[in-house]
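Spelled out, the chains give:
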Amino acid sequence: MRTYEVFLKRAGKEEFRHAGALDAPDDDMARLLARESYVRRGEGSLMWLVARANIVEGDSDFLEPNFDKPHRHNDGSNIAARRKRQRSAASADTEPSA
Amino acid sequence: MTSELSPAAADYLLAFADDEHMIGARHTAWIGMGPFLEEDLAFCSIAQDELGHAVALYEFLTDDVDRFALLRKPQEYRSCAFAELECGDWVDALVRHWLYDRAEQLRWEALSGSANQSISEVAVRAEREESFHRAHAESFMSRISASNDTSSISKLSEAIVRLLPVAQGIWQPSDREEEAIREGFATASSASMAQSWNSMIQEDLLRWGLDIDVSSSTGALGSRTERSQGFERLLASLQEVINIDPATAW
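Protein sequences, first through last, are from chains A and B. Per the numbering used here, the first sequence starts with residue 1, numbered consecutively. Per the numbering used here, the second sequence starts with residue 1, numbered consecutively.
Worth double-checking, as some hints may not be accurate.
What the simulated footprint calls covered on chain B by chain A, stretch by stretch (three residues with Cβ under 8 Å from a Cβ of chain A suffice, anywhere in the stretch; the number is not a length) [claimed, not checked]:
| hint | segment |
| --- | --- |
| 1 | 29-38 |
| 2 | 41-48 |
| 3 | 124-138 |
To be clear, the hints were calculated from the coordinates, so they are not data collected in a lab. Backbone N, C-alpha and C define an ideal beta-carbon position, used for all residues, glycine too.
My request is simple: use the sequences and hints to build the entire structure.
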């Protein structure tokens with residue numbers, strides 16, 4: 001038996017989405033059994049089956065981000081903080097003196 | 001809808017509808033018992049399809065499908081012994097699935113040419129589902145036959161030889177089949193479909209390399225008015241839920 005990952009795409013612009021997995025002895029039976037297991041109620045109009053053994057995987061070790069390189073994590077918070085400081089400084093300037 | 005049908009046509013449909021009901025009910029017995037999870041799901045969805053076909057046919061015969069399907073007396077059913085048979089072994093269930101669905105193909109094809117537009121539409125829809133059922137049976141039969149596992153192959157062959165004569169009972173016609181054909185409701189006699197079925201089955205066996213001669217298998221057609229052994233127990237189990245409260249609308 002081989003394990004297959006099942007991807008379904010609904011009609012329209014939506015992309016393929018992972019629907020689940022199944023075991024089958026070969027490609028043809030995988031297609032037949034996937035139809036009965038995952039597409040009984042029109043869940044998709046196109047199906048991809050990928051033998052899990054053929055998937056090129058990147059594991060979590062490999063994908064661990066480099067936290068020692070903060071310049072790669074520019075989420076805009078530094079700029080936002082600087083602008084906020086500038087705005088409050090500017091409004092302090094224009095306030096009438098007591 | 002019921003008034004549209006002549007008595008002969010209703011008789012003809014009843015035999016098919018009860019066959020579909022019983023085969024569906026027997027197939028569902030494999031819920032949770034299939035050889036592996038995916039096959040469990042697939043076989044049970046096939047069972048549901050067959051029950052759906054039964055409902056579609058019963059709707060031509062009655063306004064109260066549940067009561068009609070479940071609460072008749074045993075002698076009022078018209079199913080064949082092959083559909084009623086309890087298959088205790090997975091390989092028997094598989095062989096029956098193949099033999100029955102080959103016959104079902106011919107029966108739907110014949111109805112798709114019916115002069116009755118409504119039944120012809122049901123037949124075309126059902127036959128589309130059946131093409132997947134046949135692909136399913138074929139996948140297992142061909143793979144087991146092509147395997148190196150000689151004990152599985154001999155078990156399969158033994159089941160085929162044992163079940164073939166019982167399967168012939170599918171072709172026991174309803175009492176007024178000729179009349180239904182004259183009316184244009186039915187388009188093929190059971191006898192002519194039996195011939196086509198025999199050659200289909202033989203071709204399948206040749207393709208799978210199984211050395212079984214279909215023509216040497218002789219079975220009595222059996223009767224559609226007498227129920228087979230074990231039917232009352234099957235019917236009782238089918239009635240368990242509706243008998244909790246027969247008056248309730250489900």
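Which hints from the list above does the structure break, by number from lowest to highest? none
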